[in-house]
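Peer 1: What follows is the residue order along each chain.
Protein chains: 4
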Amino acid sequence: MSRTPDTWILTAHSPSLLGTVDVITRFLCEQGCYVTEHHSFDDRLACRFFIRVEFRAPAGLSEADFRAELAKRVAPFSMETELTPPGYRPKVVIMVSKADHCLHDLLYRQRIGQLPMDVVAVVSNHPDLEPLARWHGIPFHHFPLEPLDKPAQEARVLEVVESSSAELVILARYMQVLSAELCSRLEGRAINIHHSLLPGFKGAKPYHQAYLKGVKLVGATAHFINNDLDEGPIITQGVETVDHAHYPEDLIAKGRDIECLTLAKAVGYFLERRVFLNANRTVVL
Amino acid sequence: MSRTPDTWILTAHSPSLLGTVDVITRFLCEQGCYVTEHHSFDDRLACRFFIRVEFRAPAGLSEADFRAELAKRVAPFSMETELTPPGYRPKVVIMVSKADHCLHDLLYRQRIGQLPMDVVAVVSNHPDLEPLARWHGIPFHHFPLEPLDKPAQEARVLEVVESSSAELVILARYMQVLSAELCSRLEGRAINIHHSLLPGFKGAKPYHQAYLKGVKLVGATAHFINNDLDEGPIITQGVETVDHAHYPEDLIAKGRDIECLTLAKAVGYFLERRVFLNANRTVVL
Amino acid sequence: MSRTPDTWILTAHSPSLLGTVDVITRFLCEQGCYVTEHHSFDDRLACRFFIRVEFRAPAGLSEADFRAELAKRVAPFSMETELTPPGYRPKVVIMVSKADHCLHDLLYRQRIGQLPMDVVAVVSNHPDLEPLARWHGIPFHHFPLEPLDKPAQEARVLEVVESSSAELVILARYMQVLSAELCSRLEGRAINIHHSLLPGFKGAKPYHQAYLKGVKLVGATAHFINNDLDEGPIITQGVETVDHAHYPEDLIAKGRDIECLTLAKAVGYFLERRVFLNANRTVVL
Amino acid sequence: MSRTPDTWILTAHSPSLLGTVDVITRFLCEQGCYVTEHHSFDDRLACRFFIRVEFRAPAGLSEADFRAELAKRVAPFSMETELTPPGYRPKVVIMVSKADHCLHDLLYRQRIGQLPMDVVAVVSNHPDLEPLARWHGIPFHHFPLEPLDKPAQEARVLEVVESSSAELVILARYMQVLSAELCSRLEGRAINIHHSLLPGFKGAKPYHQAYLKGVKLVGATAHFINNDLDEGPIITQGVETVDHAHYPEDLIAKGRDIECLTLAKAVGYFLERRVFLNANRTVVL
Numbered sequence: 001m002s003r004t005p006d007t008w009i010l011t012a013h014s015p016s017l018l019g020t021v022d023v024i025t026r027f028l029c030e031q032g033c034y035v036t037e038h039h040s041f042d043d044r045l046a047c048r049f050f051i052r053v054e055f056r057a058p059a060g061l062s063e064a065d066f067r068a069e070l071a072k073r074v075a076p077f078s079m080e081t082e083l084t085p086p087g088y089r090p091k092v093v094i095m096v097s098k099a100d101h102c103l104h105d106l107l108y109r110q111r112i113g114q115l116p117m118d119v120v121a122v123v124s125n126h127p128d129l130e131p132l133a134r135w136h137g138i139p140f141h142h143f144p145l146e147p148l149d150k151p152a153q154e155a156r157v158l159e160v161v162e163s164s165s166a167e168l169v170i171l172a173r174y175m176q177v178l179s180a181e182l183c184s185r186l187e188g189r190a191i192n193i194h195h196s197l198l199p200g201f202k203g204a205k206p207y208h209q210a211y212l213k214g215v216k217l218v219g220a221t222a223h224f225i226n227n228d229l230d231e232g233p234i235i236t237q238g239v240e241t242v243d244h245a246h247y248p249e250d251l252i253a254k255g256r257d258i259e260c261l262t263l264a265k266a267v268g269y270f271l272e273r274r275v276f277l278n279a280n281r282t283v284v285l
Numbered sequence: 001m002s003r004t005p006d007t008w009i010l011t012a013h014s015p016s017l018l019g020t021v022d023v024i025t026r027f028l029c030e031q032g033c034y035v036t037e038h039h040s041f042d043d044r045l046a047c048r049f050f051i052r053v054e055f056r057a058p059a060g061l062s063e064a065d066f067r068a069e070l071a072k073r074v075a076p077f078s079m080e081t082e083l084t085p086p087g088y089r090p091k092v093v094i095m096v097s098k099a100d101h102c103l104h105d106l107l108y109r110q111r112i113g114q115l116p117m118d119v120v121a122v123v124s125n126h127p128d129l130e131p132l133a134r135w136h137g138i139p140f141h142h143f144p145l146e147p148l149d150k151p152a153q154e155a156r157v158l159e160v161v162e163s164s165s166a167e168l169v170i171l172a173r174y175m176q177v178l179s180a181e182l183c184s185r186l187e188g189r190a191i192n193i194h195h196s197l198l199p200g201f202k203g204a205k206p207y208h209q210a211y212l213k214g215v216k217l218v219g220a221t222a223h224f225i226n227n228d229l230d231e232g233p234i235i236t237q238g239v240e241t242v243d244h245a246h247y248p249e250d251l252i253a254k255g256r257d258i259e260c261l262t263l264a265k266a267v268g269y270f271l272e273r274r275v276f277l278n279a280n281r282t283v284v285l
Numbered sequence: 001m002s003r004t005p006d007t008w009i010l011t012a013h014s015p016s017l018l019g020t021v022d023v024i025t026r027f028l029c030e031q032g033c034y035v036t037e038h039h040s041f042d043d044r045l046a047c048r049f050f051i052r053v054e055f056r057a058p059a060g061l062s063e064a065d066f067r068a069e070l071a072k073r074v075a076p077f078s079m080e081t082e083l084t085p086p087g088y089r090p091k092v093v094i095m096v097s098k099a100d101h102c103l104h105d106l107l108y109r110q111r112i113g114q115l116p117m118d119v120v121a122v123v124s125n126h127p128d129l130e131p132l133a134r135w136h137g138i139p140f141h142h143f144p145l146e147p148l149d150k151p152a153q154e155a156r157v158l159e160v161v162e163s164s165s166a167e168l169v170i171l172a173r174y175m176q177v178l179s180a181e182l183c184s185r186l187e188g189r190a191i192n193i194h195h196s197l198l199p200g201f202k203g204a205k206p207y208h209q210a211y212l213k214g215v216k217l218v219g220a221t222a223h224f225i226n227n228d229l230d231e232g233p234i235i236t237q238g239v240e241t242v243d244h245a246h247y248p249e250d251l252i253a254k255g256r257d258i259e260c261l262t263l264a265k266a267v268g269y270f271l272e273r274r275v276f277l278n279a280n281r282t283v284v285l
Numbered sequence: 001m002s003r004t005p006d007t008w009i010l011t012a013h014s015p016s017l018l019g020t021v022d023v024i025t026r027f028l029c030e031q032g033c034y035v036t037e038h039h040s041f042d043d044r045l046a047c048r049f050f051i052r053v054e055f056r057a058p059a060g061l062s063e064a065d066f067r068a069e070l071a072k073r074v075a076p077f078s079m080e081t082e083l084t085p086p087g088y089r090p091k092v093v094i095m096v097s098k099a100d101h102c103l104h105d106l107l108y109r110q111r112i113g114q115l116p117m118d119v120v121a122v123v124s125n126h127p128d129l130e131p132l133a134r135w136h137g138i139p140f141h142h143f144p145l146e147p148l149d150k151p152a153q154e155a156r157v158l159e160v161v162e163s164s165s166a167e168l169v170i171l172a173r174y175m176q177v178l179s180a181e182l183c184s185r186l187e188g189r190a191i192n193i194h195h196s197l198l199p200g201f202k203g204a205k206p207y208h209q210a211y212l213k214g215v216k217l218v219g220a221t222a223h224f225i226n227n228d229l230d231e232g233p234i235i236t237q238g239v240e241t242v243d244h245a246h247y248p249e250d251l252i253a254k255g256r257d258i259e260c261l262t263l264a265k266a267v268g269y270f271l272e273r274r275v276f277l278n279a280n281r282t283v284v285l
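Chains as they are written, first to last, in UniProt numbering: chain A, 1 to 285; chain B, 1 to 285; chain C, 1 to 285; chain D, 1 to 285.
Identical chains share a label here; the pair holds if one copy fits it or two copies do between them.
Computed list of lysine-lysine pairs in DSSO-like fashion (alpha-carbon distance at most 27 Å, straight line):
| hint | residue 1 | residue 2 |
| --- | --- | --- |
| 1 | 91 | 254 |
| 2 | 205 | 265 |
| 3 | 254 | 265 |
| 4 | 254 | 202 |
| 5 | 98 | 265 |
| 6 | 213 | 254 |
| 7 | 150 | 91 |
| 8 | 202 | 213 |
| 9 | 254 | 205 |
Hints were generated in silico from the structure; no laboratory data involved. Bear in mind the structure is a predicted one, so any value in this text is a computation, not a measurement.
Required output: the full structure, derived from the provided sequences and hints.
Peer 2: Right, dumping it as structure tokens:
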């Protein structure tokens, strides 16, 4: 699971066709690359193929040549590939509102090296979490939401994302619905944490909904955002038991841990190139 | 948790009033009863009080006198009480259709003494599970459902329940919706197992719904039935992780274990007098 | 996870060498076999390579030719391979004593097709579980243990295993220590369920040990047997929370469910060819 | 579970005697106190009684009179009681070495009010975590351990504990064995987190031990310290599944979350007066 510092990751997906595994593994072998972990999955209902390989390359491997040759090989399979060199750290923007637990948790994990990412900015519609971001040395942008001016605010958010070349946006309890346009711009690269076991309790105040319903389990769902509120492809979910003695504020308190763990797990999967979109579902290898 | 063979159980609930705990514990003390486990909970939002006490009574205690005196004491509190003598085994009717896993599990637990109940009948709209019931020496009633004659079929079901003085009906994967009338007749004494984490995936084929949604957890919910389909008060819920490689049939297979364990747990709580109705929720002490 | 009825399984392990993945996948591709799931793992500390592939073969594939050619290809890698054709059901012997829960659970899972195995015999040092075996139509052998005659009894056990060509022996709460000789004869093909979280609470009465220690979790461990009592390679472990109110008999009751689930899971992994020995540990792909 | 700001907590334990519940509940009723949660447990093997009550007191209750009268009432039962007024926050000293995850987690929970305690000092044998303590505004004491001078160092630790009237010492990954004398001075009020599922993998480097053993679950144990290393009464335990792909550094990473959650849970139980010593075990009400 942990990788040596010289480990590359190659992922790919394509329609289901004979030879998809072989085209990858044969190429790696010919290049003198040593496969340390390999996982492929063929979805027989969707007829889609997914593969993720970790490998060590021989000294002197030319990344450019490797990419060029690989592209040639996989072309007949309509395969999309992604190559991640050793030590690569994706740039990430985190969006928050007032609740700090997920931000606190993500920045800690970044700091100790558990989440290999570079958080280039924290963006919020409230000023509250600036000290926390600053303590970690990360730029904080306060973009307040004026009642009639969501498009302008979202334009500023998008400007931060694009100017920093962030490849991932984490909505770490950002309590605003994104516009359809922003959702579309961030498709496949924005992960939200919703504080319920979706599809149960979509929308506002899910813990209060859960209390009223009298459920005996509460959970959290990390998912890619899309145009449908709380309906994007699910990456992972966490859960804990509760009982009659949990008032809404107890569910909220218990939920904080689940949200942190579930979001961090999903982000980790993304950074390790384990997550693939598969229509409105995900494959996690 | 396990009880000595001379242990009684006393439960009660009432509006929240000063003195509700004391009226019970003082009475028990005066009667020379030794409390071995005591749990009370006051719901400060619903303003309802719930209590469950296990105790050992002195030799020669008159149950009739105990009940009469207790009734007098608690009268000022509008308290409803239930007293369960040592060794009492509730009579139970189990309803099934074709899937046998929950029935198989419940009858095994009864046989080894883990569920202290007397299953007086198994009722089904299909003949398939008769051999299983017979092997355990339990009468099996096949009441087929004719398209236009649900009322007649349900009348036969109710006749079995009432003539046997069953105090609990277990819907162990009974795949028919009960009429409003039967639901109402069985209110508070019929437990259903639904194969999803309610309120997610109500209704038919929840595992197929779960597959299409791409959830990463599946579960089961044991609940009292009421007039709203899959909406009755929840007693307990179970859950397991799944991934992209679980096709619908894999969810069904995985779900069988969760359903068995969740239903058996809920039935155990009921038999041990741990479950209280609290409007559309439950308190489990 | 579920497989179509025409799915083959190929597993292999070898020292870590460049080309191990490629030799398998290239051969499969050349044979026209379509890989539906592929998982390989290279243990960088042990320098051992493990691979498991599920694939669909083209019509008319000759198994004999496939095996012969595969053997030639992998020879340079000191690779041991195992090929499992579609629909193959391993023969299994189950050993029990008096506790019936694991046997009851395994035979049920066999009957509904969840464990694709043929139980050819149940062997016991006590006569108690004969009716259960008979109900499932499985031969039952009562081989009592005479104080000074363990070798003779074990010879009879081994005779059943070998004459039936059983490739797996399941010790489903068989409460006798096997001799070093029998352990050695069954190495890598006998799975035991121990009712504790090994390495905690080895030996007799683990639930009583757990009670005295005051642990807040109890569990079960499914492992291959070897010459060291309760020290063989672990396949999987299950766990549940407990509290101060669990007396030893409550731990035993709670443990039954964990034991059944943990043993069934381990047996399922074995039948699906997911388990590899890796010195005194296992790899489960 | 959450309490209104005017809630008191009363706990008590005594030998098992008729009248122990009644003496508490009758007294509370006479004082006009309203019980909101009540839990008692009688250990029938140890013959010890444990009780925990949350209640709201009438306006104007004199704490001194309440305590005096209570003491008189319970005297015949050899009962030890502890009364915790609303809003009481125990003083706590946290001991650490170099690993910061537990400290980071505990201070965060204190700051957001989830752990109602006042951390009066952080003590360490290393200087590394001073910035973290300082950021939270908490005094940090660096007491290095000189090879032959453990008694002097421990005297300084004890001086901090006693001069601050700390009633709880948390060993949040303090990587030194305490002397028998210090253990004895802190008995019943020092909680340690050990990074294994005790009694498995006592002592140093438990994750490396777990890796070598090939376990499929790793966990953490929060326990009171006593003179036997890693043998004190267990308060709570946490666990997660792992597999063959987890190298020791992966177990360490995964373990951090379990350690944080398990320790925070145990500290929460302590602060809420839920934990009772019961010989070498605990009762958690």
